[in-house]
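Each chain, written out:
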Amino acid sequence: MKNRIWIYLLVLLLTFLLIILFNRLAKPDFENPAQNPYDLSLDSLAQIPPELYLPLDYSYIDLPLPQAKALATDSAGNLLVAGQQSILVLTCEGKELLRFNTPQTATALAVDHQQRIYCALENHLALYSMQGDLLKTFPELHPGAYITSIAYSPGRIYLAEAVKGDVYEFTGDGEFVKSYGKGRDKTAPDFLNIPSLYFDLAIGPDNSLWVTNTGKHKLVNFHADGSLRSYWGVTSAAPEGFCGCCNPTHIVLMEDGSFITAEKGIVRIKKYNYGGGFIGVLAGPERFGPKAVGLDLAKGPEEQIYVLEAENNKIHCFRLK
Amino acid sequence: MSDQHSNKLKSGNTGNKKIGRREFFKTGLRAAALISLGSATGYLLSKSTLDDPVWQIDPEKCVQCGRCATHCVLPVSAVKCMHVYKMCGYCDLCGGYFRPQVKKLDTGAENQLCPTKALKRTFVEPPYYRYDIDEELCNGCGKCVEGCGSFGNGSLQLQINHNICTNCNKCAIARVCPAGAIIRIPASKGYLLKK
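Sequence lines, in order, name chains A and B. Its first residue numbered 1, the first sequence is counted upward by one per residue in my numbering. Its first residue numbered 1001, the second sequence is counted upward by one per residue in my numbering.
The reader is advised that the hints may include incorrect statements.
Stated by the list, open to error - Calculated pairs, SDA-like style, for lysine to any residue (alpha carbon to alpha carbon, straight line, at most 20 Å):
1) K186(A) - F1123(B)
2) K1103(B) - G241(A)
3) K291(A) - Y1128(B)
4) K1195(B) - V163(A)
5) K136(A) - E169(A)
6) K1086(B) - G165(A)
7) K1103(B) - A46(A)
8) K164(A) - Y1128(B)
9) K1194(B) - L197(A)
10) K299(A) - E93(A)
11) K186(A) - Y1128(B)
12) K1061(B) - A292(A)
13) K186(A) - E1060(B)
14) K1103(B) - E240(A)
15) K291(A) - E1060(B)
Just so you know, these hints were derived from the structure itself, not from any lab. This structure is a prediction, so every number in the text was calculated from the model and none was measured.
In isolation and in its complexed conformation, chain A is listed as follows (with noise of 0.2 Å):
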C-alpha cells in the first residue's frame, strides 16, 4: 500500500514537470522578431551595396548640446548649432567659441558674408552678431508659421515655411520681395508639396536658388525671377532614389554644383552630380543611430560634409577623397 502512494506521487511528479516542460517549449520566443508574421522588414532595403560607397576621410565631433536642431559653417569654417535656446559656435574640431542664448530654439541658421548670424525662431527672423549681439528682429510671416531652412545668397535672404509650404524672399534688409509656393499648377514640378517639417533650402555655385519639393521626392531650381529653372529627382526606394513622405530632408551643394542629401526613414547621405546623376553614397543607416532622423547638412570651406545627428548629440565630418 505504501509503495502504492509512492508510485502514484511519482506519476504525479513526472506529469506535473512534463507540464511545466511543454509550456515552456510552447511559449513563443518573444525576443526573435522573426516570431512577427506582419513584421515589416527594412533591413533589405537599407542594404547598400560596398561599390556604391565613396572614398572618404570621417571624424566626428560630440557634441555638447543636447536637442540640437540646425546646424550651419560660417566662412572660416567654424560650425554654427542650436539647441536648447541658445546658439554653440565651435571650431571645426569641436573646441567651443562661444555660446550666447536666443528667446526661443532656433530652427534654421545661415551666417551672411559680414559673419552675422541669421537664426529662425519658429515663425520670424532675428539678426545675431559673431559675438552674440541681437542686430534685428524680422517681422514675421505668419502666426502659425514654422521656418526649416535658411538660404543666404549676396543681398538675398530665402526663407523656407514649411507649415504653409512656401518660400519666402527678403532683401538683406528685411524687406519682403515675393513667395514662390502659390498661384503655381499642383501637377506641376514646382508646386511645392511639403508634407511635413523637412523642408530645406540651398544656393547653388551660380546664386540660384534650390528647394527641396520633399512630397514630389524632387530638388526644384528657380530663377531669380521666381519661374521654374530645372528640376530632378527618381521616386526610388534604391540608393539612385528618393523615398517616403518627404525626402531628401536636407541638401547642401558644393562648389562644383554637386548635390549632398540627406534621408530619413532609409537614412542615407548621397552625392549627386549637377545634373542630378546619382555618384554614391556617403555614409549608409550603419553610420548612424537607430533612431536619427532628418540629418541637418552644411559645408566648410575646405569642402568639408558636416552632418548633425540631433539624436546621438554628434556632428559626422566626411571629407570625400
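Please arrange chain B on chain A, whose structure you already have, making use of the hints.
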C-alpha cells in the same frame, strides 16, 4: 354625529392648512439636502466609472511587434489603427499604405501593405490622398504604423478601441508586449494619441 362630521371637516381642512415659515424652511432644507446627496452620489458614481482604469497603448513606446493582432483574447483584436489626420501629409506615396518598392502607386492589392486591406485610399486633389481605416477589417497588426513611422509623419497609430475591448483584468497583450507599451490609464483619458 355632528361631532364626527366636525372632526372629519377638521381633518379634511388640514390639507389646506397654511405652512409656517419654519416648516417651509425645514422642508426646503430637507429637499436641498436630498438633491445634493443625490447629485454627489451620481457625480461620484459617474466619476468612479470614468476613472476606472482601462488598457491603452502608449504610442511613444509601441514597437509594432505584431502581438496586438495575435494575443488579444477576442477573435479579432480590440487594437485598431487610428489616424491622426492633423499629422498626416496626405501623400501620394504613403509609407503606411504602399509596400516598399511598389511599381505603381495605385490601389491594386499587390501594392498594399495592409494584410487585410483595412487602409482605404481616396483621391482628394492633386497631389493629395486621404487615408481612412476600416475598423471592421483592421486586426491591429501595426504594419501600416511601422511604415508610416519609418517613412512618414507617424500619423497612423495603434490604440485599443474601448468600444471593443473587454478590459480584462489581466490583458493578454499587455503580458506579452515586449516594450511595456500597454498601460493602465483612467477611462476619462481614453486614448493616448501622439499629436
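> Keeping to a limit of 20 Å between CA atoms, is the pair of K164(A) and Y1128(B) held or broken?
Replying inline: Holds - the C-alpha atoms of Y1128(B) and K164(A) are around 14 Å apart, at most 20 Å.
> Are the Cα positions of K1061(B) and A292(A) separated by 20 Å at most?
Replying inline: holds (16 Å)
> Given the hinted pair K136(A) and E169(A), is their alpha-carbon gap at most 20 Å?
Replying inline: holds (17 Å)
> Can the restraint linking K299(A) and E93(A) be considered satisfied, given a maximum Cα separation of 20 Å?
Replying inline: holds (14 Å)
>> Just to be careful, I want the Cα atoms of K186(A) and F1123(B) compared with a cutoff of 20 Å; is the pair within it?
In response: holds (14 Å)
> Quick one, are K1103(B) and G241(A) close enough, alpha carbons at most 20 Å?
Replying inline: Holds. K1103(B) to G241(A) sits at ~13 Å (cutoff 20 Å).
> Has the given pair, K1103(B) with E240(A), been kept, meaning a C-alpha gap of at most 20 Å?
Replying inline: holds (16 Å)
> Given the proposed pairing of K1194(B) with L197(A), does the C-alpha separation stay at or below 20 Å?
Replying inline: holds (16 Å)
> Is it true that the CA of K1086(B) sits at most 20 Å from the CA of G165(A)?
Replying inline: Given that 20 Å is the threshold and the Cα spacing comes to 15 Å, the pair holds.
> If you draw a straight line from the CA of K1195(B) to the CA of V163(A), is it 20 Å or shorter?
Replying inline: With a Cα-Cα distance of about 15 Å, the restraint between K1195(B) and V163(A) holds, given a limit of 20 Å.
>> Checking one constraint from the list: CA of K1103(B) to CA of A46(A), max 20 Å. Satisfied?
In response: Between K1103(B) and A46(A) the Cα gap is close to 18 Å, so the pair holds against 20 Å.
> Given the proposed pairing of K186(A) with E1060(B), does the C-alpha separation stay at or below 20 Å?
Replying inline: violated (35 Å)
In this structure, the hints that do not hold are numbers 3, 13, in rising order.
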